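Peer 1: Knowing the structure of chain A, use the given hints to seat chain B on it.
Chains as they are written, first to last, in the numbering used here: chain A, 820 to 1123; chain B, 21 to 406.
Note that these hints are calculated values from the structure, not bench results. Because the structure is a prediction, the values reported are computed rather than measured. In this text, a Cβ means the ideal position worked out from N, Cα and C, and glycines have one as well. Treat each hint with caution, since some may be false.
To be verified - Coverage of chain B stretches by chain A, computed from C-beta distances (three or more under 8 angstroms per stretch; other residues unrestricted):
no., segment
1, 175–182
2, 215–226
3, 237–247
4, 254–261
5, 375–383
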Amino acid sequence: MFDPSATLQLIVSGLAMGSIYALVALGFILIYNAVGVVNFAQGDFVMFPSYIAVSFVLPSVIVFGTVVHWQLPLIATYLLVLILMAAFGLLFNRIAYYPLRDRGWLPVVISTIGVSIFLRNLAQLIWGSQPIVFPSLFGDASLSAGNLHFRPQDLLILGVAGILIVFQYGLFEWTSLGKQMRATAQDRATAQLLGIRVDRIVAITFIYSVLLGAIAGLLVSPIFTVTKEMGGLISLKAFAASIVGGFGSIPGAIIGGLLIGVVENLGGFYISTAYKDAIAFVILIAVLLIRPSGLFGERVSEKA
Amino acid sequence: MPATRKKFLLASAAASAAGLAFPNVVLGKGEPIRLGLLPPITGAQALLGQQEQEGAKFAVDEINARPGKVFDDRPFELVIEDATSDNQSAVGALNKLLGENVDAVVCPVLSTQIQAMAPVMKGRQEPWMTGGTAVKNTQLGLTNIFRCRASDGITAQAMTGFAVEQLHGKKIAIFHSSEAFGTGGADQVEASLAKFGLKAVAREQYPNGTKDFTAEILRIKQAGADVVVGYIQNPSDVAVILSQYNSLGMKTPLVGSPSVGNQTAIDTAGKNSNGMYCAQDFILGFNSNVATKFVTGFYNRYHHVPDVSTGSGWVYDAIRLLADTYKKIGSIDKTKTALALHQTKHWEGVLGDFTCDAEGNMIHAMSIGRIENGKVSLVKKVVVAA
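Extracted from the complex, chain A is given alone in its bound form (with noise of 0.2 angstroms):
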């Protein structure tokens, strides 16, 4: 039976969540194009900058099993995040792709599931194994009008991951260095003979895609809890995203963590809960079936 109430607060929450996924998928796409590998530590791009955020955010945290007081103003804490996720992202690209840049796509790939294990025991042995809860901008109050209610940090994340996608646009199509990423990311060896300095912008993609994941995590860790798998499941719907939407396609990202995220939500309410989570998955091979390049994915023809 429809229920326009409940419609209207799964679209949003759907669209929200679809967000983050996009935003995880973008970081897929980026370094996918700039090197030809999937990433598999983009989801712990996601957990580890929400574990140094709130160990800045709360005024006590247990780090190596010590009570820290390390409180910063948020803003603070945001910013000190991002500075050190962009220098991870560089100790990203030279120690886990650098070296194996000329071997092939499978070893770049093992090293990525590699910083995966790594970063996930490390939290781990940092922060322990309790759940950490991040305090939201906006407590705990919703949004209430009648029989909606909505999540003030929803609304949040609508807005900066638009702002994001708009940011991302602009950067592409009217900055130089976007234009030198995506040079880079069309044809490697043609960009190098145009003077484009191709390993710095890989490393610059590295940490764009990095600072991604560190900005989905920083949107969610109110809403989620910080644990060391948080990044986990929304990476597999991130990556079911970015193939739904044409791997390797930016807008392709955007709108295929979208739909996923509307769809499962939709879906779950409508059809069953139980199949809340293979819905994305359905939804996968059902573009995979009637157009495999997925939905923005170009139509590669292969000569007999």
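Peer 2: Frame of chain A, contents of chain B only:
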């Protein structure tokens, strides 16, 4: 070389002399009793693993510090293997543990892992101590498994009875995690509801680690439920569920499984857990002297309140019960130990009175508590005959 009468007599004399000179070695006096522990140290359930290890180390240190240790000056020695959070790894960890000559095993708390490990456990004599609450765990054809917590049958009966009789629920919805624990618990709730002539108006499930429960909660709302019975496995999921429950304007009372009253869950959920009900093996301030002593000692050692029922308490009880049983029979013979554990009657543990039934269930009571300002207070106690 053929054995001769002379050689046999010489060997016997040497053995007797060794016995006189080193009686402790021959009788096993002072020799450690190897106790296997299979907590999920890594993976999604690492929190439970941390709590289990804390409970185990606390119990072992306490027993080893007492005069005579377990018995005959024999201390416990913990042998720990990581069961992680999946079934395949748990089976691998168990096989490794069994290769290390352990005398008894404290199994994982996750029912799904116990059920996966059962084929390896079958035919072996080690006493298996567990806190896994799925009813099926003690119906796997193992005669030497002992459950140190109330089963889901008792929990579901207590939760459903409370929802119907105390909260006057007529339209009850079930909300549960989709793995063995949550599904088994939800089945038990349905069976208990049937005894009241009721059928759940909604049964919604989610996989562990889900972050958006809007669809599940709105379906329960749409079904017009007047009470929600929640069978939730992960304490870390509880905070997310309760936060969304409140933010979606749900005023329907929720009666949750023990993880809802888990101290970590309460601390994480904060104000969102106020007014919720939960089934509890243990409620702080309402149990025995053993419990008070445990909670005080634990806090002094670890500087945080223990998660008694789901985490450290049942492990502490399991190890103390084993120690008392070994002491009573003066042996660590596996068959004799299992037999003696089956004869347990009114042994006082942190989680209450331990009396073993034919299946190996030790606890036959469950309390319902109400959460308010970070604490659980007793509302009702349900005792089922052993």
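Peer 1: Tell me the hint numbers this structure goes against, listed in increasing order.
Peer 2: 1 and 5
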